[in-house]
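Student: Order-wise, the sequence lines are chains F and Y. No gaps in the numbering here: position 150 of the first sequence is 150 in our numbering, and each next residue is one more. No gaps in the numbering here: position 86 of the second sequence is 1086 in our numbering, and each next residue is one more.
Accuracy of the hints is not assured; some may be wrong.
Calculated from the model, a selection of chain Y residues having no Cβ within reach of chain F, i.e. all distances over 10 Å [what the hints assert, rightly or not]:
| # | residue |
| --- | --- |
| 1 | HIS1002 |
| 2 | ALA1024 |
| 3 | GLU1032 |
| 4 | LEU1090 |
| 5 | ARG1128 |
| 6 | ALA1150 |
| 7 | ASP1163 |
| 8 | LEU1206 |
| 9 | PRO1252 |
| 10 | HIS1283 |
| 11 | ARG1295 |
| 12 | SER1325 |
| 13 | GLY1363 |
Okay, the calculated bits of chain Y under chain F, using three or more residues with CB under 8 Å as the criterion [what the hints assert, rightly or not]:
| # | stretch |
| --- | --- |
| 14 | 1042 to 1051 |
| 15 | 1074 to 1082 |
| 16 | 1137 to 1147 |
| 17 | 1225 to 1237 |
The set of hints was computed from the structure by calculation and includes no laboratory data. Ideal Cβ positions, reconstructed from N, Cα and C, are used throughout, including at glycine.
Protein chains: 2
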Amino acid sequence: MHPALHVVYRVRSDARSIADRARAIAVEQSVEMPVSAIVDARVLADIVGRVEGIDELDSGLFEVRIALAAETAGDDPGQLINMLFGNSSLHDDVVLHDVDLPPGLVATFAGPRHGLDGLRRRVGAGRRALTCSALKPQGLPASELAELAARFARGGVDYIKDDHGLADQGYARFAARAQAVAAALHRIEDRTGRTVRYVPSVSGDLDDLRRQVAVAIDAGIDAVLIAPMIAGLSNVWRLVRENPDVAFIAHPTMAGAARIAPHLLFGKLFRLVGADGLVFPNHGGRFGYSPETCRLIARTALGEWHGLRQSVPVPAGGMTRDRVSEMLDFYGADVMLLIGGALLSAGDGLVEATAAFVAEVKGHAYG
Amino acid sequence: MHPALHVVYRVRSDARSIADRARAIAVEQSVEMPVSAIVDARVLADIVGRVEGIDELDSGLFEVRIALAAETAGDDPGQLINMLFGNSSLHDDVVLHDVDLPPGLVATFAGPRHGLDGLRRRVGAGRRALTCSALKPQGLPASELAELAARFARGGVDYIKDDHGLADQGYARFAARAQAVAAALHRIEDRTGRTVRYVPSVSGDLDDLRRQVAVAIDAGIDAVLIAPMIAGLSNVWRLVRENPDVAFIAHPTMAGAARIAPHLLFGKLFRLVGADGLVFPNHGGRFGYSPETCRLIARTALGEWHGLRQSVPVPAGGMTRDRVSEMLDFYGADVMLLIGGALLSAGDGLVEATAAFVAEVKGHAYG
Chain F
1 MHPALHVVYR VRSDARSIAD RARAIAVEQS VEMPVSAIVD ARVLADIVGR VEGIDELDSG
61 LFEVRIALAA ETAGDDPGQL INMLFGNSSL HDDVVLHDVD LPPGLVATFA GPRHGLDGLR
121 RRVGAGRRAL TCSALKPQGL PASELAELAA RFARGGVDYI KDDHGLADQG YARFAARAQA
181 VAAALHRIED RTGRTVRYVP SVSGDLDDLR RQVAVAIDAG IDAVLIAPMI AGLSNVWRLV
241 RENPDVAFIA HPTMAGAARI APHLLFGKLF RLVGADGLVF PNHGGRFGYS PETCRLIART
301 ALGEWHGLRQ SVPVPAGGMT RDRVSEMLDF YGADVMLLIG GALLSAGDGL VEATAAFVAE
361 VKGHAYG
Chain Y
1001 MHPALHVVYR VRSDARSIAD RARAIAVEQS VEMPVSAIVD ARVLADIVGR VEGIDELDSG
1061 LFEVRIALAA ETAGDDPGQL INMLFGNSSL HDDVVLHDVD LPPGLVATFA GPRHGLDGLR
1121 RRVGAGRRAL TCSALKPQGL PASELAELAA RFARGGVDYI KDDHGLADQG YARFAARAQA
1181 VAAALHRIED RTGRTVRYVP SVSGDLDDLR RQVAVAIDAG IDAVLIAPMI AGLSNVWRLV
1241 RENPDVAFIA HPTMAGAARI APHLLFGKLF RLVGADGLVF PNHGGRFGYS PETCRLIART
1301 ALGEWHGLRQ SVPVPAGGMT RDRVSEMLDF YGADVMLLIG GALLSAGDGL VEATAAFVAE
1361 VKGHAYG
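Chain F extracted, bound-state conformation (with noise of 0.2 Å):
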């Protein structure tokens, strides 16, 4: 079997059944259907996925390491993600924790066009944190979401990102939201020389992404936000092909909790298709993420992985001012740290909460 796929898998078992357990996931997997009855060889030789390894972790816990075919994965994403996963999770005794691909398979998808330094250089950042800010709440109308846009620029944030909830809904359709936006930025950018970018978010079938990434370009923006579990990780790499200048970041809405790590999925899969930013719930917000989660995506993310660009950790949900300094402790300098609702609280001083957070975020000494 070469090349192959090397999946790790975590596995809630009795010592007892392991093995046959990680033997079933490694046919589930690969051919679906009794080894017995599979007379061709080649079939036999290279195709059935096979057990390379399993360890306990902890009592009724286990590491499996499984290799599958790469060639069963052919170079869609969509199908490396149904045969790393497809039928397993619908067994809810097993995670999918990690795979290691085939160089070639990595340089077919090829990853971020952009990445962290990309994303830097387009607002003039050296080598430090990101800001960045949400528009919301949906329902808002195009004018008064730019209005919004235009006092987070004031107040120099570098990203401004859509709520993933804004879609192409009637009270603020995609077209006229992404032209008023850019336009409002625009503006800030000729007064004051500030550069900021706006980051709308893409929904709907193929067509209408595409539809959406084109509106968006000709309002003169260069990144989107689009959510892959929802759009489909085969769209997501059509997008990124077809629209080198523009970058991706991904939200994790629909990314599920608990049976893909998420440090594989963000850092590794969401990475492999082009997302040069990763939207996710960081420990102490309003998810359960725990802080080795985190520190692991992001990790993942920035690390040396077949000589993909880095996807830069965008930490968020819920997050606040007062937690600036520990998360860029925590991250250091390369990441995006992304508030939203907590500075839209500010009210009149939106403008002035924005400038803090920047501020303390450009002045962070790194411990």
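Chain F is already provided as a structure; the job is to place chain Y on it using the hints.
Tutor: Only chain Y this time, still in chain F's reference frame:
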């Protein structure tokens, strides 16, 4: 708030915290920001999610009913699932259990174009259970898959689907496979007068999916297998609208085990975007669904719901011939029985094993 999505979540919580937790879900799935910071009266009145009821189902387990504004979902099924469960999928204390949608939204999506009746008509079946088998293992060349299909057809099965692992891999390209299998089945039909349908698996981004559906139609095929959680609900709906003569069978790969109730995901959401058939893991096979879950999936798929056509339940996953009678007693005649590996295991006796399976289904006396 009118019209509304009436959403039911099941939440693990202690009694003291559940009211706050329910409000937090209502906010997370709508405006995703502190409600106190919202000044727009229309957003407060029409867009912020609203807790409609909380019931304790069991100690520490609550049913929470929340109304979300239907306009936040627009008319895109990806955005619908985003609003129903997107960020909450990242919280491991909550399961998306059920939803009722406004009639106008259901009419927009429109559900199956063929459904149970259409799938029966295609193979000249009266009010009886349909039969299905599966082409595998992946790794076989198109010619061998076609030969296998011919043997299933000689056994008299109604539908022959691809294993969901069959994509567009180098060893059996979609086009070569579709053409070879369709040609083999047409020869059997010409010789025997029997009707049999091939259901090839389509995969990739929307462009790939379209191309594959077009190739299938050109080869005289009128049904395809698709994985909505990998392709994206929006793209499935697009294909359904573009190909009104093609039946779509949904595969549950990547649908997860535990966080969206299967009767909702398969029986309502997949049906909503047009799945004529629904493959799901039957109880007592390789997967862990209970009889109650399976019964609820089937009832939901077949039940009256805003006038949509019925999706045919396709319980599968390690089914064997000795379960046919029990399954027909359990599901009744409104079902498609899918036996794959167990028929393939018959080796040289595949045609006879298939014929025996078909005969038992056709001859079953419903209790």
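Student: Hints the structure violates: just list their numbers, smallest first.
Tutor: Of the numbered hints, 2, 3, 4, 7, 8, 9 do not hold.
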